[in-house]
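Q: Sequences listed follow chains A and B, in order.
My numbering puts the first residue of the first sequence at 1, with every later residue one more than the last.
My numbering puts the first residue of the second sequence at 1, with every later residue one more than the last.
In case anyone wonders, no lab produced these hints; they're calculated from the structure.
Please note that the accuracy of each hint is not assured.
[As the list claims (entries may be wrong)] Label pairs and their calculated CB-CB ranges: (1) A:G98 x B:D95: 30 to 36 angstroms; (2) A:G73 x B:R60: 33 to 39 angstroms; (3) A:P10 x B:R60: 16 to 22 angstroms; (4) A:D88 x B:S4: 32 to 38 angstroms; (5) B:E123 x A:W17: 23 to 29 angstroms.
[Unchecked claim] Which residues of chain A face chain B? A partial, calculated answer using Cβ under 10 angstroms: (6) I26; (7) M38; (8) P114; (9) L121.
[Said to hold, decoys possible] Calculated lysine to any residue pairs in the SDA-like style (CA-CA distance at most 20 angstroms, straight line): (10) B:K16 x A:P114; (11) A:K16 x A:E43; (12) A:K16 x B:H103; (13) A:K52 x B:E118; (14) B:K52 x A:E118; (15) B:K16 x A:H103; (16) A:K16 x B:G117; (17) A:K53 x B:P114; (18) B:K53 x A:G117; (19) B:K52 x B:E97; (20) B:K16 x A:D20; (21) A:K53 x A:G69; (22) B:K16 x A:R62; (23) B:K16 x A:M115; (24) B:K16 x A:T113; (25) B:K16 x A:Q120; (26) A:K52 x B:P114; (27) A:K16 x B:T104; (28) A:K52 x B:M115; (29) A:K16 x B:R60; (30) B:K53 x B:W40; (31) B:K16 x A:L121; (32) A:K16 x B:L22; (33) B:K52 x A:G117; (34) B:K52 x B:E70; (35) A:K16 x B:W40; (36) A:K53 x B:M115.
As the structure is a computational prediction, the values presented were derived from the model and not from experiment.
Glycine included, C-beta positions come from ideal geometry on N, C-alpha and C.
Number of protein chains: 2
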Amino acid sequence: MTASIDQNTPLTMRPKWNADGLLPAIAQDARTGEVLMMAWMNEESLALTLEKKQAIYWSRSRQALWRKGESSGNVQTLIDARLDCDGDTLLLRVDQEGSGACHTGRRTCFFYTPMSGEWQLEEEQHA
Amino acid sequence: MTASIDQNTPLTMRPKWNADGLLPAIAQDARTGEVLMMAWMNEESLALTLEKKQAIYWSRSRQALWRKGESSGNVQTLIDARLDCDGDTLLLRVDQEGSGACHTGRRTCFFYTPMSGEWQLEEEQHA
Numbered sequence: 001m002t003a004s005i006d007q008n009t010p011l012t013m014r015p016k017w018n019a020d021g022l023l024p025a026i027a028q029d030a031r032t033g034e035v036l037m038m039a040w041m042n043e044e045s046l047a048l049t050l051e052k053k054q055a056i057y058w059s060r061s062r063q064a065l066w067r068k069g070e071s072s073g074n075v076q077t078l079i080d081a082r083l084d085c086d087g088d089t090l091l092l093r094v095d096q097e098g099s100g101a102c103h104t105g106r107r108t109c110f111f112y113t114p115m116s117g118e119w120q121l122e123e124e125q126h127a
Numbered sequence: 001m002t003a004s005i006d007q008n009t010p011l012t013m014r015p016k017w018n019a020d021g022l023l024p025a026i027a028q029d030a031r032t033g034e035v036l037m038m039a040w041m042n043e044e045s046l047a048l049t050l051e052k053k054q055a056i057y058w059s060r061s062r063q064a065l066w067r068k069g070e071s072s073g074n075v076q077t078l079i080d081a082r083l084d085c086d087g088d089t090l091l092l093r094v095d096q097e098g099s100g101a102c103h104t105g106r107r108t109c110f111f112y113t114p115m116s117g118e119w120q121l122e123e124e125q126h127a
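Could you put together the complete structure from these sequences and hints?
A: Written as structure tokens, this is what we have:
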């Protein structure tokens, strides 16, 4: 079952923006490997992120650029960026400043865990 | 700038399906922390994933359940799952069987890197 690497993989890839002109961008802590959050980028926010070496997303609710950490101080310094094999998802490895990525003050946004048929706040499991 | 954790975070969260009834699901190698891929799930595929302890996505192109690894053998055994703070993204930590997650035979789908204004195949950088 060991597949060999496809030698026909295109040498370059273009971002494939969705119908709203956006791509999902996953932010991963470059040091610990922890997945911190997922947000969206449009062409402008991606270009700015690569230029400024700082994560700048597109806020779908505000329909505006979202300079991560601008108000909270929880800036994400870009270490490196990857586009995936079909060009429709970004992975950002970042240096997460401050307390964390999540608006709730947690390090990561991923903290609901499936238990007894619902998604429960992780910390409450051991209560 | 050290924010404290918001004590008002809801104790439970429901998946917030998008207009197409889908959520993005990030697959991370539970052992190495490597982010492997991002794909989509509908309610049925998420329920099956949790029940079978095996990643089962929703193929948007085929409009059908996509039992990851069914043809390639590159099955993803579910170690744990998390839903994010606003219920619109999933993180799956998986045990990746076989050669990897990517249809090109690579371990991860994230292998295009920004260079000279375009996204280039990572391996080709050092050529």
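Q: Going through the numbered hints above, which ones does this structure break? Give me the numbers in ascending order.
A: none
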